[in-house]
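S.K.: In case you want the letters, here they are:
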Amino acid sequence: MAAASSEEAIKAAKVLMVGAGGIGCELLKTLALSGFSDIHIIDLDTIEVSNLNRQFLFRQSHVGQSKAKVARDAVLKFRPNISITPYHANVKDSQFNVDFFKQFNVVLNGLDNLDARRHVNRLCLAAEVPLVESGTTGFLGQVTVHVKGKTECYECQPKPVPKSYPVCTITSTPSKFVHCIVWAKDLLFAKLFGDKNQDNDLNVHSKDDSSSKTDVFERNLDEDLKKYAQRIYDHVFGYNIEAALGNEETWRNRRRPNPIYIRDALPEDAVQQNGCSQDHKNEEQEPSEPSAMVSLGLRNPQEIWSLADNSRVFLEALKLFFEKREKETGNLIFDKDDQLAVEFVTAAANIRASSFGIPLHSLFEAKGVAGNIVHAVATTNAIIAGLIVIEAIKVLKGDYQNYRMTYCLEHPSRKMLLMPVEPFEPNKSCYVCSETPLVLEVNTKTTKLREVVEKVIKSKLGMNLPLVMVGATLVFEDGDGLEPDEAANYALNLEKILAELPAPVLNGTKLTVEDFQQELKCSINIKHRDEFDTEKEPDGMVLAGWSGPVDKQVTSNGEKKPVPSASSTEDLDGTAEDTSAKPGMKRKLNEILESKENFDALQNPSDVVSSSAQVVDDDEDDDLVMFDEDPKQGKKKRSQ
Amino acid sequence: MDGGGAGAGAEGELTAQETALYDRQIRVWGVDAQKRLSKAHVLVCGMNGTTIEFCKNIVLAGVGSLSLMDDHIVTEDDLNANFLIPPDESIYGGRSRAEVCCESLKDFNPMVRVSVEKGDPSLIDGQFLDKFDTVVVSRASLKTKLFINDSCRKRNKHIAFYAIDCKDSCGEIFVDLQEHSYVQKKPGGETEQQQLTYPSLQEAISVLWNGLPRKMTKLYFAMRVLENYELSEGRSPGETTLSDMPAVLARMKDMCDKMSFNESQIPAPLMERLLSAGKKEHPPVCAILGGILGQEVIKSISYKGDTIKNFFYFDAADGKGVIENISPNSAN
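For the record, the sequence lines run as chains A and B.
Note that our numbering numbers the first sequence so that position 219 is 219, with each residue one more than the last.
Note that our numbering numbers the second sequence so that position 245 is 885, with each residue one more than the last.
Source of the hints: derived by calculation from the structure; they are not laboratory data.
The beta carbon of each residue, even a glycine, is placed where N, CA and C say it ideally should be.
Any given hint could turn out to be false.
[Stated by the list, open to error] Quick list of simulated restraints, FRET-style, between CB atoms:
id	chain 1	residue 1	chain 2	residue 2	range
1	A	ILE82	B	LYS920	47 to 57 Å
2	B	THR831	A	ASN402	35 to 45 Å
3	A	LYS397	B	GLN767	46 to 56 Å
4	A	LYS397	B	PRO909	12 to 22 Å
5	B	GLN824	A	THR85	26 to 36 Å
6	A	LYS150	B	PRO909	55 to 65 Å
7	B	GLY670	A	ASN525	24 to 34 Å
8	B	GLN824	A	ARG254	29 to 39 Å
9	B	LYS858	A	ASN402	17 to 27 Å
10	A	ILE82	B	ASP770	27 to 37 Å
11	A	THR329	B	GLN835	48 to 58 Å
12	B	GLN833	A	THR85	50 to 60 Å
13	B	PRO909	A	GLN302	47 to 57 Å
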């Protein structure tokens, strides 16, 4: 390393950091100490308590404030003379366009979600700015360098496919605790407290066919809350299970579940037991938010509750939602930082688990599964940040022969804990950085344009504001700047069947889709197919030549639901990711596999890692794990 | 997370406050490790860019207490790789490195006791060491390192010893856990009890070089030459420049001859890099070394996970972070 030229390169550099979380705090500090003096930093998040164990620029008093701004102020205390420009914003906002990216010499990612990573990758490719990408999960992490034309782009390699569960496993035949969590969170919680207009696959057996018009989940006008809670309990854990048992075929080769009614779980008069909050109430302090645990005197989140305690928590939490948070019910979305929601989901999942003979779990463990919480420690983030800066300096010096992707391992492989690997060359068939067309198999006679736009163009290809052309005819465009008549026309097209569009989409048609903000354009060749397997091909269409991630889905009827979804980009430090070892590479990543334990470590309970055939690396946080998020959903904060 | 019953922790249980703060890391190492960590006492001798990274990491992780020993008055040179010292002479002027760093570190985690121990590490009293479970020494002379390591070993209680140094873009960590047993996770998920026996620093550096594996990192040899040279010249660690090169090469030849070791195995350019580094620390390398050491100390305190035996090296020039086992019984 020629010190003088490193110093010059650092001094002259203008760098963009995306993410001021676990990796971001460490990175900003190390950049400042290393002499970087013009740093821009984007982060949309605000500070939470669970960040404080590793995001060392933040203190208790900063909870609720912008990460980017507080990080800037903290670093200026020890490097007052440098320039740090914070943006409390989403990197996907239109202000961060290609021109914005072009002003930087290098972009450094400390992100926690795939969506934003892909977006930044595209902007860096379009602006021709080198990108240093990173992720951590527990003791594992990786740093990769992406320079257009020299190394692969972030999307050249297939990303691990998050675990998805067949609908019927969730609704009828759970065999693992995670299945019960998904049921409790995405079906029951959503049904009771979420948007009533959303499709929901919760099995509802009505006691009486003639009354099937009335929704059993609807609370009758003057129904007592305790009675209502008990009625829901008996219905979902008792009656529904009993009804399901009637289907002999299902249970031929399976253990039969036990229906559970209140009278079984809480034999000593449940009505009296439930809600006797005053018995246990901690009188010294009124909890700032309602909690069934506090009401019931349950204190240890690490403890596994009995069926009776789970039942009490279920009834109490349900009651508290309607009593104390009634305004929110009807539009709640599960959030792992919502204590009452976590309590409800833990209890409901455990009761269902008891029914199906699945081991029960503590609230702490259930929260981890439900929130898809990535394991994170300060040390790995610090190490990864150091490695990012080392690569960034090489990039600034144009020292491309020495670019490395580096893996931080938990168990040494060939004596190494930090293992550098030569970067891969660009993948010639990558739809993002090369112009290889994709192939979409779809039933052109039954599929609406909307489905292609939502499921393929936005979700799979990760486009933000796409435009769709059939030949030279523009059939759809997204964005705010449209004329009203144009917008109306596109809205109309969205609801049309592909074959009936003004420029019909048939077998052999070529679609051109483009996102101006990302400056990404690709071609999709359409191949007509009549039938799709509803379990294996739940989208009702298959995209080939695409190596991106697959959304986790619960449903088979075309509605996409992330499972179990991270409630947002929050608190993950980025994920370590899986990169497949490709044949013919100078150095195969499977050398890393010398120690198989490195992989096992990645197989954390949230099933984030796809398979041990793939190589280390991603998300924890940070990677080996991908988190999918519903892009429209964003982070839902409770109003209080 | 509120509602878990603030302050409700029964004897031996983590409080709700601790559970909320340490949530993400408990998911990595478990509640038992967190409890052990909160009862551990760590001493750090020598405050610099590398040790403050380590201190930050274990304070955030929730170690029981951290004591800092470094009576040197802060100078402008100390500001380089240090984010704990505000660059304002009215704040640091006339105060010791330990005092100024302590003040900043206290702020990082109100649940950790951070304090200053005055004194000279080279004169540490054995009994004083009994207050600690882990001792970290940085930028100390070979003589001081050997003395403290030996003192730790002579105590009745088990005291883990670490030495850590950063020379610009290169770094070294030495680990002596004496007898260390821990739980190792096997590929299938089951666990196995492991037992490691560590040599002392004296025993490790006495292993003859010609008996070591050929693929050893060259940094090991270069660091031994450098500390040997500094000791014989009566210099403080890092008090070297390129002008020392001829004398250092002579010392190197001398040491190689004594151990029938081919001196061409120690590249002169590497020796040059270390000499010209002086006391300079490259901040990204400090972050990496301080991160690795933080992790190691957490592993040894919690008896969980593979610990390094017994040297770790990082060199930004090749990007490798390598473990070398240099023990009398493993040398051949």
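S.K.: Evaluate each hint against the coordinates.
M.R.: Verification of the supplied hints:
1. At about 20 Å, the beta-carbon gap between ILE82 (chain A) and LYS920 (chain B) misses the expected band of 47 to 57 Å.
2. The hint said 35 to 45 Å for the Cβ distance between THR831 (chain B) and ASN402 (chain A), and at roughly 40 Å that hint holds.
3. Between LYS397 (chain A) and GLN767 (chain B) the Cβ separation comes to about 52 Å, which falls inside the hinted range of 46 to 56 Å.
4. At roughly 19 Å, the beta-carbon separation of LYS397 (chain A) and PRO909 (chain B) lies within the given 12 to 22 Å, and the hint holds.
5. Separation of GLN824 (chain B) from THR85 (chain A) is about 47 Å and departs from the stated range, judged on CB atoms against 26 to 36 Å.
6. Against the hinted window of 55 to 65 Å, the Cβ-Cβ separation of LYS150 (chain A) and PRO909 (chain B) comes to about 27 Å, which falls outside the hint.
7. Under the hint 24 to 34 Å, the C-beta atoms of GLY670 (chain B) and ASN525 (chain A), about 51 Å apart, miss the expected range.
8. The hinted window of 29 to 39 Å between GLN824 (chain B) and ARG254 (chain A) holds, with their beta carbons roughly 37 Å apart.
9. Take LYS858 (chain B) and ASN402 (chain A): their Cβ atoms lie about 18 Å apart, and the range 17 to 27 Å holds.
10. Taken as a hint, the range 27 to 37 Å is violated for the pair ILE82 (chain A) and ASP770 (chain B), whose Cβ atoms sit roughly 44 Å apart.
11. Evaluation of the 48 to 58 Å hint for THR329 (chain A) and GLN835 (chain B) yields a pass: the beta carbon distance comes to about 57 Å.
12. GLN833 (chain B) and THR85 (chain A) have their C-beta atoms about 53 Å apart, which keeps the hinted 50 to 60 Å range intact.
13. The beta-carbon spacing between PRO909 (chain B) and GLN302 (chain A), approximately 54 Å, falls within the hinted interval of 47 to 57 Å.
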